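The task is simple: from the sequences and hints, build the whole structure.
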Amino acid sequence: MNALVDFYAKHSRLVDQIGVNAIMALSLSVSLRAGQLALAQAAFMGIAAYLSAILSLNAHWPLLASIALAMLVSALVAALLAYPVRRLRGVFLAIATIGFGEIVRVFANNFSITGGAEGLSGIPNDATTPVIYVGLALVAVALFALSRTKFALAVSLVREDEHAARSVGVDVGAIRTLSLALGGAIAGLGGALYAHSNFFLTPADFGFGRMEQILVACVIGGVTNAAGAVLGAGLITLLPEITRAVQAATGANVDFFRELVTGVVLLGVILFAPAGISGLWRKRA
Amino acid sequence: MAQTRVNAGLDVADVSVSYGGVAALRGVTMRIGPGSIVGLIGPNGAGKTTLINAVSGVVRPGTGTISLGPLRLDRLPQHLVARAGVARTYQNIRLFGGLSVADNVRAGAYRLRSPLSDEGVKELLARVAVHEFDVSRPAASLPYGEQRRIEIARALAGTPSVMLLDEPAAGMNPRESHELRSVIRGIAQRGTGVLLVEHDMSLVSAVCDHVVVLNFGETIASGTPAQVARDPAVVEAYLGTSA
Ligand SMILES: Nc1ncnc2c1ncn2[C@@H]1O[C@H](COP(=O)(O)OP(=O)(O)O)[C@@H](O)[C@H]1O
Ligand SMILES: [Mg+2]
Numbered sequence: 001m002n003a004l005v006d007f008y009a010k011h012s013r014l015v016d017q018i019g020v021n022a023i024m025a026l027s028l029s030v031s032l033r034a035g036q037l038a039l040a041q042a043a044f045m046g047i048a049a050y051l052s053a054i055l056s057l058n059a060h061w062p063l064l065a066s067i068a069l070a071m072l073v074s075a076l077v078a079a080l081l082a083y084p085v086r087r088l089r090g091v092f093l094a095i096a097t098i099g100f101g102e103i104v105r106v107f108a109n110n111f112s113i114t115g116g117a118e119g120l121s122g123i124p125n126d127a128t129t130p131v132i133y134v135g136l137a138l139v140a141v142a143l144f145a146l147s148r149t150k151f152a153l154a155v156s157l158v159r160e161d162e163h164a165a166r167s168v169g170v171d172v173g174a175i176r177t178l179s180l181a182l183g184g185a186i187a188g189l190g191g192a193l194y195a196h197s198n199f200f201l202t203p204a205d206f207g208f209g210r211m212e213q214i215l216v217a218c219v220i221g222g223v224t225n226a227a228g229a230v231l232g233a234g235l236i237t238l239l240p241e242i243t244r245a246v247q248a249a250t251g252a253n254v255d256f257f258r259e260l261v262t263g264v265v266l267l268g269v270i271l272f273a274p275a276g277i278s279g280l281w282r283k284r285a
Numbered sequence: 001m002a003q004t005r006v007n008a009g010l011d012v013a014d015v016s017v018s019y020g021g022v023a024a025l026r027g028v029t030m031r032i033g034p035g036s037i038v039g040l041i042g043p044n045g046a047g048k049t050t051l052i053n054a055v056s057g058v059v060r061p062g063t064g065t066i067s068l069g070p071l072r073l074d075r076l077p078q079h080l081v082a083r084a085g086v087a088r089t090y091q092n093i094r095l096f097g098g099l100s101v102a103d104n105v106r107a108g109a110y111r112l113r114s115p116l117s118d119e120g121v122k123e124l125l126a127r128v129a130v131h132e133f134d135v136s137r138p139a140a141s142l143p144y145g146e147q148r149r150i151e152i153a154r155a156l157a158g159t160p161s162v163m164l165l166d167e168p169a170a171g172m173n174p175r176e177s178h179e180l181r182s183v184i185r186g187i188a189q190r191g192t193g194v195l196l197v198e199h200d201m202s203l204v205s206a207v208c209d210h211v212v213v214l215n216f217g218e219t220i221a222s223g224t225p226a227q228v229a230r231d232p233a234v235v236e237a238y239l240g241t242s243a
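Respectively, the protein sequence lines represent chains A and B.
Read in order, the letters of the first sequence correspond to residues 1 to 285 in my numbering.
Read in order, the letters of the second sequence correspond to residues 1 to 243 in my numbering.
Simulated from the structure, these hints should not be mistaken for lab results.
Just so we're clear, the structure is a prediction, and the values are computed from it rather than from any experiment.
Careful: at least some of the hints might be erroneous.
Chain B stretches covered by chain A per the calculated footprint, using a threshold of three residues with CB under 8 Å from any CB of chain A [to be verified]:
id, stretch
1, 92-105
2, 110-118
3, 209-220
Far from chain A, some chain B residues (derived; all Cβ distances over 12 Å) [as the list claims (entries may be wrong)]:
id, residue
4, Ser-56
5, Lys-122
6, Arg-230
Partial selection, computed: residues in chain A whose CB lies under 8 Å from chain B [stated by the list, open to error]:
id, residue
7, Ser-147
8, Lys-150
9, Ser-167
10, Val-170
11, Asp-171
Think of the CB as a built atom: it goes at the ideal place given N, C-alpha and C, for glycine as much as any other residue.
And the structure:
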């Protein structure tokens, strides 16, 4: 227990990051479960982060209200995005949604309300560790509750075979839109919490690198369950820190090594545990 | 959501379908009353699957109407046709391969208000002559003949008014094919109209009240199994004695 308290005192920012990244991984897992390789989570996160930051800075909204509106707007944007990409699947959907992410980033870079490339600073740091983890727990509970509904059945049918899903009465378009919107809402939560646990935001925080991190967390952890997403987020957040600690202790220059380790872990998971780390664990159980 | 069960037959009236200018169905008319079993036969490429696709909303007919009682189906999207109570199977089985057998059967009840219980799943599997096995196995891991029957169980799970079976005996061994007779009769006995597309004439003769014969998208004969078997146009279509 003392060790935990000690760790938290030293690394509270890291603990917060893991929580936010886990929320982001869960948000991506929603569309992946529906078999949709939609990679716009970083963009939804960015939209929500900026919106909730602006609401706090300019309009002095309380934290919860700014989170709620940011989630709503992210969900709406995601639902709207579902329309133009309705006929795209697989890698084409991935490319289109990554493109959407770039558009969002370019806008953030060039608007004065988002502070352009400099970003925003002085955001109240009121998303404390308990707030972040309550948010994460709520998401996990909500997804668990959803997993026993007809919606979850429809999601898995769409993933398995869209045509056969229609043949039993599933409105595939609606399920895709709903799952994107749900993922958007969760990404909105992650984004708002991110904004309120960092002093500043820049457009670069929500670029392709962020999206890649979220996807890797999902793949490493295993996309089909919440524990996997959290595990993956934990690993992907801690790996660079561990290599950094090794660097500090040994004095060796392991900068390149840091990314190499992440790459090797990802490759290992894809080759030997395609269902992710949590998948390995379930297989044995 | 649509009514669980419209107690009326399916009417296909003067339906034509073409694929980019090539006519696959020309003016086909037929009726499948509640509880009746109608056979649909014809050489390969005659348009049998196209008819099932038209009825189930996968393709739009160019002309003609398709209705289930008072409800017009021919302009509805596929998922609403399914919700109206039209269930089907596929010539090339389309199960949810990665899902368990039980989830596949449950999927068929999607249009109903309440989900299927484990008991309900077992009962449906029994009705298609699949007995005692592990329903948590992935559907794709089962032998072909069993997959076919699970696909029928999935279609049955939604308590359909009409069931469209596309070559259900294909790939089944003679014993399974024989068992299929009572399975199909059982479906009709509960009031569901059945359209049976099948090459196995002994199966068609054994279960069908009425048979429609298609050739090049047109109805060339219809009547009882015995009547169509004697029909010269049918003999010619099958044997190609057009000289
Ligand atoms: N999706 C499609 N696109 C173009 N032509 C098709 C398509 N499906 C079927 N056809 C053509 O329509 C005709 C009828 O096919 P089909 O209904 O599958 O016949 P059957 O089931 O009686 O063997 C065939 O000539 C076939 O090549
Ligand atoms: Mg066919």
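Inset, instruction - Find the hints from earlier in the document that the structure breaks and name them by number, from lowest to highest. - result: Of the numbered hints given earlier, those the structure breaks are 3, 4 and 7, listed in rising order.
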